[in-house]
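Chains as they are written, first to last, in our numbering: chain H, 2 to 310; chain B, 22 to 352; chain D, 159 to 680.
Since the hints were derived computationally from the structure, they do not count as laboratory data. Some clues are possibly wrong.
To be verified - Only pairs whose alpha carbons sit at most 27 Å apart, straight line, appear in this in silico DSS-like list of lysine-lysine:
#1 K204(H) to K45(B)
#2 K226(B) to K306(H)
#3 K45(B) to K125(H)
Note that this is a predicted model, so its numbers are computed, not measured.
Residue strings, one per chain:
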Amino acid sequence: MFKYIIKRLLMLIPILLVVTFVIFTLLYITPGDPAKMILGQTATEEAVAELRAELGLDQPFLIQYLNYMKDLIFHFDIGTSYTTGQPVIDEIMNCLPATLKLALSSILIAVVVGVPIGVISAVKQYSIFDNIVMVLGLAGISMPVFWLGLLLIILFSVRLGILPASGYSTWQQMILPAVTLSAQSIAVVARMTRSSMLEEIRKDYIRTVRMKGQTEMRITIFHGLRNALIPIVTVIGTQFGSLLGGAVMCETIFSIPGIGRLMVDSIKTRNFPIVQGGVLFIAIGFALVNLLVDIIYAFLDPKIKAQYK
Amino acid sequence: MEHTSNEKLLDIRDLSVEYHSNGKIVKAVSNLNLSLKKGETLGFVGETGAGKTTTALSILRILPELPSRITSGEIWFNGENLLLKSKKEMQQIRGKEISMIFQDPMTSLDPVATVGKQIEEMIGLHEKLPKKELREKAAQMLEQVGIKRERIDDYPHQFSGGMKQRVVIAMALSCNPNLLIADEPTTALNVTIQAQVLELMKNLKRQYQMSMIMITHDLGIVAEICDSVAIMYAGNIVEYGTVERVYENFCHPYTEALFDSIPSLDEDQEELKVIAGLTPDPTNLPSGCPFHPRCPYAGPECAQQAPEVRETEPGHIVRCHKDLKGGSGNE
Amino acid sequence: MTKRFAALFLAAAMAVCTLTGCGGGGNDSETSGASETAAVSGREDKDTLNVVMASDAASMDAADTIDVYSQMVYGNILETLVKLDENGEVVPNLAEYEMLDDVTYQFKIKEGVKFHNGEELKASDVAFTIQRGCESPVLNYLYSEVDPATIEVVDDYTVKFSLKNPSAPFLVNMTCNPAGIVSEKAVTEAGDSYNMNPVGTGPYKFVSWQQGTEIRLEAFEDYHGEPAKIKNVVIRPIPEGANRTIELESGGADIVCDIPTTDISRVEADANLQLESIVSYATTFLGFNCEAEPFDDVRVRQAVCYALDYAGITQSIMQGYAEPATTPVSSELLFHDETVEHIPYDPEKAKELLAEAGYPDGFEMTITCDERKERNDIAVIAQSQLAEVGITVNIEPLEWAAFLDKVYAGETQSYVLGWSSAVPDPDMVCYSCFHSSMIGNGNNNVSRINDPKIDELLDKGRTSFDTATREEAYSEFYHYLAEVVPWDMMWVDSKYVGLAGDVEGFVMDPMGSYRFATVSFQ
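Construct the entire structure; sequences and hints are all you get.
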C-alpha cells in the first residue's frame, strides 16, 4: 500500500508538467497585456515597455517558459505577483486557510446531511419523503450560489440579525457561506447515495443478512451503506475537489479571501504568475484528493486493496 | 429412510402471495397447502417462476416489502402462526429456528466482510457470547463444512463458488436451526462440486437432525436427498407424496412430463423432450386448471373448473380432474 | 405527477424567496433604524474607526501600484512635498518650493518631521524617493519629466532637481498620494518586503495587514502636524456591494466606500446614517476611431452625437446618480469650463449631416464594449437611437483585457470606455488622450485623433506657467473638442460614501482615496 502511494505521488510530476505547460501557453496566447493592466490609464509607451521588460514579458515564449520551469524545479520558486510584488507562494498560502475552511465545512455539511437523506430516501423509495427529497435535490443543484447566498444574508443577517454576513474567522461567520456552498453538494451526494443504496439493497447478500435475523437498521447501515460507499465517496471527492478551486461566487458574496477569488481577479488583471501558481496548486489539490479517495477505496473494498501493490 | 416423527414442524395452510408491479398483479402463490414433519426432508420441485422461492421467503417473511403481499393463509411453525408474529419476534426466529440458503453463492455473501465475521454475526445475533468464543465457534463451523479454519479472515472473493456455498451453509447452520430451507443450492455450481455439496448437506442434516426443504428443479437431487416431494406449478402444489410413491406412481400430467423430459441413458435421443407450450403468464393465469393449455389429457372441464385435491394413495395427493395412473413402474 | 408537483413546489419556493427579498422596501429605514439606534447612541469604542472598501489593497508601496484601494491606505501613511488648497493652488506641505528656472525646482524641507521609525525626514529621503520614482514604470506618469542626473542634495534640508522639459502640471502631480515621501532607511533595510511594511511621515502609521481580511493603522504620536483624532483605523475589503451596505446598516462599519447605486436611496433615507457624495475624476463616453471609415469624417461623428440623447442615456442608466458630461475630463479637475456645451439631441440634424457626408441611407457600424452592465447599456440604447437615423449597430462585448487590446490597437470603430484622471490637473489625461504624438504603440490616444489645433492647445496648457494662460488654453481646447467630438461624452461618475450617524470631519475625495486624520465621533 505504501509503495502504491509513493507511485501515485511520483505520477503527479508528469501531470504537473503538462499542466504548467498548458496554462503557460494559454496565458501567452490570450489577448491582454499585464503591463497595461497594472499601469492602467496612466500608461505611456515608455512605461509599458519598461514594465514589460521588468516582468520579463518581452522575451520569446520558450525562454519565458524555461525560466519559469527552472525557477520552479530548482528553487521551488513560482514567481512574484505582478500587482503586489509578493511571492506567489505567499499569496496562495494566505488564501489557503480560508479556502480550506470553506471547502471542508461545506463538504462536511454535504456529507452529514446528504448521506442520511439519501439512505432514508432509498429505503423508503416512492414515499413522500423520497419525493420531497428528489424535488429538493433538483432545487439544490439548480440554485445559483449568489442567489442563495444573498437570500440567506437577507434572511439571517438583515431581517433576523442572528448571523454575520461576512468574514471567515469565527464559526458563526462560516455558517452562511458553508450552507450556501453546500446546497449543491448536498443534492449531489444525496442523489448518489440514494441511487447507490437502491442498487445495493436489492442485492442477494442483503437477503442473506435479513435471513440471519439482523435488524433492518443494521442491515441498511452496516451492510447496505457500507457496500454502497464507493460511488458515494467518489462523488464526495469530486465535490470537494471542485470546492477547492471553484467557490468564487461564495467567496465574493461573503468576503472570504479564498483561492477562487484570487484566481478570478488574477485572470482579469492578467497576473500570470498568480494564475499559473494557482492552477498548479489546484491541480495538486485535485490530485491529492483523488489519491485520498483511492486510498479510502482500499479500506472500503478488500478486492481493491489487493490490487494496490 | 430417515427417522421422522409424526409431529408437524411446519404447516402452511391456504397461503396466497401477490406481487404488485407496474399496476399489474402477479399471483405468485394461490391457496397453497404444504406441511413438513420433524426430521423430514421435503423436495420442492417446479419450473422457474412456479412460486417455490416465494413460498420459502414467505415462511421467513423476507419477501421484498414493497411489491409483495401475503393476502391469505397461515404458516404454523412449532405451534405458532408466523404470519402473526411481530418484527422483533421474526428476527429472533430467523437464523435460529429457520435458516435459508440461497441459489447463487457468488452474490450471497457480503463482499466487504470476512467470512469469519459473517458467521460470527449470525451466531452473535442469537447467542450472547464473548468475542473469542464467537470466533472459535465460527472457526469450528468452517471446519464442519470442510474449510480450513485458517481461512477465517479471508474475504468471499478469495473463495471459489463451491467453497462460498460451503461458507453459506456453515453460516446457515451455525445456530442449529430446526428447519433449513435450501433454495436450489447447487444450481449455480458445476456437477462435481454439486455432488460434494450435496454430500455435505446430507451429512450435516443427519448430524444436526434438521428438517429441510430442498427447492430444486432437479429430480435427481430429490431422489438422492429427499423423503417427500411436492410438485409446484403456477402457484400451487399439483402433486405431493413420498419420493417412492410419486416417482413410481405419479398421477399428474405435469409430473409425467417432467419425468419424461429427463434424457434417458438407454435410449438414443436426438432431441431433448420438452413440455409443449410456455409457463403461464402470472398476471393472466389460465382459467380452471392452470396446466390445461399444455396438458395432453386436457378435457373441457379442465378449462372451466380448478381441480380439487384428491388422495390417490394414503399420503399421496394430486390436483387433477383426470385419473392418470402413470408411473415408471406398475400399480 | 411528481414532475408537476416538483414544478409547482419550486415555483412556490421561488415566489416565497422573491417576496422575502422584495418586501419591506419602504419599511427598511424603520427596521434598520431600530437596530441602529443601539449602535449610535452610546458608541462603546470611540478609539477605533471601522472602514470598509470594495477591494483589498494590492501593495503598500506606491512604486508597485497606484490603484485607488492601495492609495487609500498609503495615502494616510505617506505625505507629499506639496498639497492643493481649496482654490486648487499648490501650497507647501512637507516642504516649501521655489522654481530656480523654468525646469529647476528646489525644495526646502520642514525641520523636525519624524518618520514612523523615529528617523528624521531629511533631504536625502526626498532625493531617494524621487530617484526611486524615476526608476519605477508605475510612477513614470509622475516622474517621466525628471532628469535623474540632476537630483542634488544641497544640504540636510534642501534638495533640488531639474526636468527635461518645462511642465506646468508637474507640481500639481506632486500633490498626489503616490508622490508621498518614503524613508530611505526603511526601504533599503526592508528590501523586498517593504511593500508590506511601509514607513512614512503621515498622521497614521502602519500596524498590520492580514491580506484579504483587514489592514490596521494607528495614530502616530510624533506627527509633525495636527494629530489624528481617532487612534485606531481598521480597513476591511468587502467585494459584494450589498454586503457593504449591510455592514453600514448593522453598525459593523463607520465609513463605507462605494455604496452601490441600488442602495443609495436607502442610505439617504436612513436617519441614522449619512450619505456623502462627490463628483469623481472619472468620465464615461462613447469613443470613435478617427483614423478609419466612417468616423474619419467629423460630420459623421457629429451626426452620431446628434442622434444620441446623452443626457437621457445618463438618466436612464445612472438613475440620477451621475451628471451628464460636457468635457472629456471630469468637471472636478482644474480649469473646468462650465460654458462648454455638448452637441444636443437632434435626430433630424443627424440625418442632415449624414446625407452631407455621403451616407443618406445610413451605414453599418460596430460598438465594442466590455462586460460591465452600464457600458453594455450604453451600447444597447445607442443601438436603438442610432437605428432611428438609419445607422445599424452591431454590439461586440469583449472581456476587459481583450477589449483594451483591441481598442488600443485601433481595431475598433467605436467603443464604450471610461477614463479616470490620476491627478487633479487636466494635462495628464488630455495630453495623453488627444495629442497626436500619443497615437499607437500602446499610448493612450485611442481615438487616434490627429489635429494640429489640439496639439497646439495642449502644448500651451502644458508649458505655460501662468494659470490664466493655462485656463484659457484648456477652455479653448474643451470648446474645440465639443465640435470635433473624438469622444461622445456621456457622464461624469460620482462617488458615494456611507457614514455612521456620529461620524464627523470626513472629507470626500474625487479620487476615492480618503484620509482619516480629520475624522472623529460626535
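A quick look at each hint next to the structure:
1. K204(H) to K45(B): holds, 23 Å
2. K226(B) to K306(H): violated, 38 Å
3. K45(B) to K125(H): holds, 21 Å
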